Amino acid sequence: MLNDSDDDDFSSSFASKSNLAHLFSNKVTKGLDSSLIYNAPKQPRKQATETSSLLCAKVVTIVEGLKEDSTNAKYGLAIVGNESLKTYELILYRTKQNILSRTKISSSFNFSIQDYVFGSFSDRTRQWVVKFKDRNDVSDFCDKLNNTGAGIIRTNTEAHRAISSNEPVQRQSPDIQKGPILKIETEKDRYEENDFTTNISSKIREFSSGISKIGVPVLPRASPAIPCTDINSKQFNDSQLISKSSDDIVQIEDTKISSANNLNIQLNVSEPPQNQFVQNVHFSNSQILSVPDPINLLAAETRIANCETKLSLAQIQSKLDQLLQSANNLPEPQSKVLQSKNKALQLKIDNLEAEIGKLKTENVKLHCNYNESGANPQFIETLEIENQELKNKILNYEVDVLNAKKEIELCHEERSNTSRLIEQNQNLLEDNVKLQNKIKEYEGQLKELNKLRHTTIELKESIEIKEQQLLECKHELECFNPEGDRVNKMEKMKILEREIKDIMNDMYQTIISSGNSVKYPISEEFKLILVKLVKNSTFKIIEEIQKKFA
Numbered sequence: 001m002l003n004d005s006d007d008d009d010f011s012s013s014f015a016s017k018s019n020l021a022h023l024f025s026n027k028v029t030k031g032l033d034s035s036l037i038y039n040a041p042k043q044p045r046k047q048a049t050e051t052s053s054l055l056c057a058k059v060v061t062i063v064e065g066l067k068e069d070s071t072n073a074k075y076g077l078a079i080v081g082n083e084s085l086k087t088y089e090l091i092l093y094r095t096k097q098n099i100l101s102r103t104k105i106s107s108s109f110n111f112s113i114q115d116y117v118f119g120s121f122s123d124r125t126r127q128w129v130v131k132f133k134d135r136n137d138v139s140d141f142c143d144k145l146n147n148t149g150a151g152i153i154r155t156n157t158e159a160h161r162a163i164s165s166n167e168p169v170q171r172q173s174p175d176i177q178k179g180p181i182l183k184i185e186t187e188k189d190r191y192e193e194n195d196f197t198t199n200i201s202s203k204i205r206e207f208s209s210g211i212s213k214i215g216v217p218v219l220p221r222a223s224p225a226i227p228c229t230d231i232n233s234k235q236f237n238d239s240q241l242i243s244k245s246s247d248d249i250v251q252i253e254d255t256k257i258s259s260a261n262n263l264n265i266q267l268n269v270s271e272p273p274q275n276q277f278v279q280n281v282h283f284s285n286s287q288i289l290s291v292p293d294p295i296n297l298l299a300a301e302t303r304i305a306n307c308e309t310k311l312s313l314a315q316i317q318s319k320l321d322q323l324l325q326s327a328n329n330l331p332e333p334q335s336k337v338l339q340s341k342n343k344a345l346q347l348k349i350d351n352l353e354a355e356i357g358k359l360k361t362e363n364v365k366l367h368c369n370y371n372e373s374g375a376n377p378q379f380i381e382t383l384e385i386e387n388q389e390l391k392n393k394i395l396n397y398e399v400d401v402l403n404a405k406k407e408i409e410l411c412h413e414e415r416s417n418t419s420r421l422i423e424q425n426q427n428l429l430e431d432n433v434k435l436q437n438k439i440k441e442y443e444g445q446l447k448e449l450n451k452l453r454h455t456t457i458e459l460k461e462s463i464e465i466k467e468q469q470l471l472e473c474k475h476e477l478e479c480f481n482p483e484g485d486r487v488n489k490m491e492k493m494k495i496l497e498r499e500i501k502d503i504m505n506d507m508y509q510t511i512i513s514s515g516n517s518v519k520y521p522i523s524e525e526f527k528l529i530l531v532k533l534v535k536n537s538t539f540k541i542i543e544e545i546q547k548k549f550a
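For what it's worth, our numbering labels the leading residue of the sequence shown as 1, then goes sequentially.
Hints in this document: simulated from the structure, not taken from any laboratory.
Predicted, not measured: the structure shown is a model, and the values here were computed from it.
C-beta: ideal position from N, C-alpha, C; glycine also.
Each hint should be verified, as a subset may be incorrect.
[What the hints assert, rightly or not] Straight-line Cα separation of at most 25 Å, DMTMM-like style, residue types lysine to aspartate or glutamate; simulated pairs: (1) 466 with 413; (2) 494 with 525; (3) 532 with 458; (4) 466 with 409; (5) 492 with 544.
[Unchecked claim] Label-pair distances were calculated between CB atoms; the ranges are: (6) 424 with 353: 37 to 45 Å; (7) 98 with 347: 24 to 32 Å; (8) 350 with 115: 51 to 59 Å.
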């Protein structure tokens with residue numbers, strides 16, 4: 001563990017030097033003025049804390065679920081602390097660098113012992129279950145742990161209780177142990193419920209603010225004329241107001257009113273009635289100012305208030321209908337899915353409980369056999385030998401399984417390699433077929449070229465023969481008189497040109513016809529090349545003849 005004094009080692013080199021010049025590796029003379037020397041403020045030096053020591057360490061194995069670690073890996077469970085400071089820690093480790101769990105030991109820390117050999121504790125991440133070597137290690141560890149102030153819980157299973165009391169383990173069937181299926185409330189359901197309540201509260205706020213903006217109060221306004229009367233009481237309503245006798249009405253001084261039909265009360269519906277209200281009484285073409293009638297005013301006020309309440313209630317009813325419709329249209333929580341999941345989990349729990357019951361009964365039988373055979377040491381030795389042999393067999397089987405897995409992996413690799421090679425061979429075969437087809441095409445073209453070569457050779461021979469004929473004609477023409485036979489020469493030259501052109505055309509036609517008769521026809525490019533060659537050769541022959549016989 002690191003100490004707090006390590007920080008002091010980092011700053012000790014600077015604490016001894018209080019001069020700024022030391023930072024720049026400059027030597028300061030002794031005769032400098034003390035006012036020019038910078039004295040750095042010194043921090044209070046922390047006292048060295050006492051290091052923690054090892055109080056107890058035991059070799060354990062970790063238990064995962066209902067089975068121990070198949071690798072039989074050994075771990076260390078140690079209590080480390082400082083007795084003077086009374087700070088302790090529980091450390092579960094594989095090596096010094098590989099620490100699995102590290103928890104502080106306090107009065108709230110509990111370490112449970114089960115079946116005299118198993119121990120369990122929990123840290124921030126998970127719950128650990130370990131198995132000690134024997135009971136002596138457990139008792140020694142618990143004594144050390146009890147001195148630290150931690151809580152130790154000792155529990156025994158039903159099997160040990162049955163062995164101690166020599167009674168069979170009674171276990172109810174899974175059907176009897178079944179209880180009501182609990183609905184697991186997920187975060188999504190909470191979110192949907194909160195969202196539903198927040199939507200309703202927000203809609204109610206919007207509704208009340210909208211009503212206030214319209215100008216219609218949600219509740220009826222109090223009557224300013226008679227504030228002390230309760231309008232909503234049962235003893236005071238409109239029917240009683242109408243059935244009041246004329247004796248209760250306050251009349252004017254010695255004034256007789258012939259009929260009440262001529263009495264016109266002017267009320268403003270938009271505003272509440274005022275405390276003082278003037279009535280215009282038309283009686284025999286004369287107006288008489290009267291005192292306001294409180295009963296009629298109260299009736300008018302109640303009618304206005306009733307109208308306002310009816311309007312506000314109608315609006316509230318419409319808004320509530322809309323809210324109910326929106327609430328009904330909200331998506332239902334996935335209760336059916338949760339119920340099905342709960343049923344599946346309950347079935348799994350029942351199956352696990354049944355398996356646990358079977359294991360407990362088998363464990364009880366084994367303990368009974370062990371107790372019966374406890375007096376016979378030879379039987380115990382034979383059991384230990386058989387157990388060791390079974391362990392060796394299991395190890396051998398595990399080694400065989402690992403080797404088989406490796407062989408299977410190698411077979412898979414070889415299979416993948418062979419599949420790749422097969423694909424490559426198929427691609428090569430396809431390429432070979434394509435190349436053979438191309439070779440056949442090239443062979444056909446070579447045959448055609450050889451035929452064309454033979455035809456060109458024959459044409460060359462015919463051209464040589466024609467040239468010889470031309471030379472003979474030339475000699476014959478030289479024998480004639482040039483002056484007398486000039487006209488005959490011109491005619492003969494024209495005749496020769498025509499014959500040469502005809503010969504060259506015949507040669508071109510024979511080449512093309514011989515090329516078309518083959519399976520692979522001659523291309524257009526080759527035909528154009530032949531035409532150009534024939535034309536050039538004919539024009540050269542004619543030019544040479546003209547030069548020589550001009």
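Structure-based check of each hint:
no. : hint                     : verdict
1   : 466 with 413             : 78 Å, violated
2   : 494 with 525             : 32 Å, violated
3   : 532 with 458             : 19 Å, holds
4   : 466 with 409             : 84 Å, violated
5   : 492 with 544             : 15 Å, holds
6   : 424 with 353: 37 to 45 Å : 59 Å, violated
7   : 98 with 347: 24 to 32 Å  : 39 Å, violated
8   : 350 with 115: 51 to 59 Å : 24 Å, violated
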